[in-house]
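Engineer: Each chain, written out:
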Amino acid sequence: MDFEHELAHHLIDHKLFHFMVGPLDLGLSPLILTMWAACAFLVVSLSLGARADKSFSRSVMEPLVLYVRDEMVEPIFGHHTDIYLPYFLTLFFFLLTCNFFGLIPGASGVTANIAVTASLAICTFLLMQFAGIKEQGLGAYLAHIVPSGVPWWLWPLLFVIEVFGMAAKCISLCIRLFANMLAGHVVVLSFISLIFIFAEMSHVAGYGVSPAAVGLALFIMLMDVLVSVLQAYIFTFLTILFVGSSVHPH
Amino acid sequence: MDKLIFPDTGLMFWTVVTFFLLMVILKKAAWGPLLAAIEAREGRIKADREGAEKARAEAERIQKELEARMSDAHSKSKELLAAAAKDGEALRARLKAEAEADAQAIKEKTAAELIAEKNRLVADLRKDVASLSVLAAEKLLRKSVDDGVQKTVLDGFFKDLETSKASKN
Numbered sequence: 000m001d002f003e004h005e006l007a008h009h010l011i012d013h014k015l016f017h018f019m020v021g022p023l024d025l026g027l028s029p030l031i032l033t034m035w036a037a038c039a040f041l042v043v044s045l046s047l048g049a050r051a052d053k054s055f056s057r058s059v060m061e062p063l064v065l066y067v068r069d070e071m072v073e074p075i076f077g078h079h080t081d082i083y084l085p086y087f088l089t090l091f092f093f094l095l096t097c098n099f100f101g102l103i104p105g106a107s108g109v110t111a112n113i114a115v116t117a118s119l120a121i122c123t124f125l126l127m128q129f130a131g132i133k134e135q136g137l138g139a140y141l142a143h144i145v146p147s148g149v150p151w152w153l154w155p156l157l158f159v160i161e162v163f164g165m166a167a168k169c170i171s172l173c174i175r176l177f178a179n180m181l182a183g184h185v186v187v188l189s190f191i192s193l194i195f196i197f198a199e200m201s202h203v204a205g206y207g208v209s210p211a212a213v214g215l216a217l218f219i220m221l222m223d224v225l226v227s228v229l230q231a232y233i234f235t236f237l238t239i240l241f242v243g244s245s246v247h248p249h
Numbered sequence: 000m001d002k003l004i005f006p007d008t009g010l011m012f013w014t015v016v017t018f019f020l021l022m023v024i025l026k027k028a029a030w031g032p033l034l035a036a037i038e039a040r041e042g043r044i045k046a047d048r049e050g051a052e053k054a055r056a057e058a059e060r061i062q063k064e065l066e067a068r069m070s071d072a073h074s075k076s077k078e079l080l081a082a083a084a085k086d087g088e089a090l091r092a093r094l095k096a097e098a099e100a101d102a103q104a105i106k107e108k109t110a111a112e113l114i115a116e117k118n119r120l121v122a123d124l125r126k127d128v129a130s131l132s133v134l135a136a137e138k139l140l141r142k143s144v145d146d147g148v149q150k151t152v153l154d155g156f157f158k159d160l161e162t163s164k165a166s167k168n
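Just so you know, the sequences run in chain order A and B. Just so you know, numbering that gives the first Met the number 0 puts 111 at position 112 of the first sequence, and the rest follows in order with no gaps. Just so you know, numbering that gives the first Met the number 0 puts 56 at position 57 of the second sequence, and the rest follows in order with no gaps.
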């Protein structure tokens with residue numbers, strides 16, 4: 000059994016068909032379908048919860064929405080909260096739902112794909128620029144990228160370093176979410192693969208090792224539930240921090 | 000495995016499009032109504048709390064006013080009581096003085112009457128004694144004397160009486 004091949008087969012998103020538009024291959028894949036399913040679920044349950052006062056989805060979403068608004072966005076954005084709140088709420092619920100959908104057997108790990116996390120990190124980066132220019136004006140924003148009180152001859156160097164720093168923040172966002180979510184899948188797959196690796200030696204060993212392998216895989220899955228919530232929170236919170244720092248330079 | 004860490008541009012395109020569509024739809028369908036409901040509820044709670052605070056302030060104001068009025072009434076009643084006591088004292092003093100004056104007047108009048116009575120009695124007695132003496136002298140002299148003589152005799156008699164009284168002393 001080629002373990003690496005098996006892993007790659009399960010973790011890499013394979014297109015169902017190819018549809019080339021310029022350099023982009025817009026063909027659909029299981030990952031895209033899973034992502035759309037998660038979005039459809041979100042749209043239905045959240046709009047239901049927003050309208051029905053006593054519904055189950057309302058009682059789940061309201062504390063989360065209030066937490067994001069009052070504990071995460073409001074302390075940093077203050078009176079700008081209302082403008083940026085929909086973005087952060089959508090980001091948090093999107094990540095949370097995609098993380099959870101990725102745990103469903105048969106579905107693709109949406110956030111365990113670097114293209115997805117990179118896209119969201121790029122959105123964060125663009126939002127940082129947009130918010131900074133919108134709240135401070137272009138000139139003031141560019142001037143505030145470098146901390147004040149720097150000697151003039153250091154300014155160009157620091158400007159480049161700070162811009163790279165901003166990009167690095169977003170790259171770290173991308174890799175953190177991708178690696179955390181992927182690791183869970185890799186470990187679960189590895190435990191399940193143990194059964195087949197042992198089964199190639201002998202059937203008895205395969206059956207013998209399967210309870211332990213399934214138990215460990217289940218344990219990792221449970222931990223992944225925790226990691227899903229945690230990573231959705233961390234990604235959203237760091238995005239809020241980064242965008243907040245470009246809204247308020249000091 | 001290289002494919003695992005090289006992002007697929009088509010997937011990135013779909014992710015960005017999906018995410019932005021999701022944001023637009025959720026903003027209209029979920030966040031708007033939900034945040035509006037939450038804000039309405041918060042506004043209602045705030046209004047309720049402000050109303051309750053206002054009512055409490057009003058109650059406190061009324062209580063303070065009542066207390067002020069009570070203490071006012073208390074001091075006023077104390078004042079009235081003191082004034083009444085003073086009036087009573089004055090009245091008592093006046094009545095007492097009047098009674099004393101009345102008593103004094105009665106005493107003086109009685110004393111004056113007594114003196115007058117005494118004088119009258121003394122005069123009566125003196126007249127009686129004189130008549131008796133005249134009667135006795137008449138009897139003694141067996142002769143009637145006219146009023147003029149009688150008076151002369153009487154005067155002489157009294158003069159003798161007084162001289163004898165003086166010589167006795």
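No lab work stands behind these hints: they were computed from the structure. Keep in mind that the hints are not guaranteed to be accurate.
Unchecked claim - In silico DSSO-like links for lysine-lysine, alpha-carbon gap of 27 Å or less:
id, chain 1, residue 1, chain 2, residue 2
1, B, Lys26, A, Lys133
2, B, Lys45, A, Lys53
3, A, Lys14, B, Lys45
4, B, Lys63, B, Lys53
5, B, Lys85, B, Lys106
Keep in mind the model is a prediction, meaning the values are calculated, not measured.
Engineer: Hint by hint, say whether it matches the structure.
Structural biologist: Now for the hints, and whether the structure bears them out:
1. Proposed proximity of Lys26 of chain B and Lys133 of chain A is supported: the alpha carbons are some 20 Å apart, at most 27 Å.
2. Note on Lys45 of chain B and Lys53 of chain A: the hinted pairing holds, with a Cα-Cα distance of about 22 Å set against a maximum of 27 Å.
3. Taking the CA atoms of Lys14 of chain A and Lys45 of chain B, the gap is about 54 Å. The hint is violated against a cut of 27 Å.
4. The hinted pair formed by Lys63 of chain B and Lys53 of chain B meets the criterion: a straight-line CA distance of about 15 Å does not exceed 27 Å.
5. Using a Cα cut-off of 27 Å, the hinted pair Lys85 of chain B and Lys106 of chain B is violated, with the two alpha carbons roughly 31 Å apart.
In the structure shown, a violation is registered for the earlier hints numbered 3 and 5, in ascending order.
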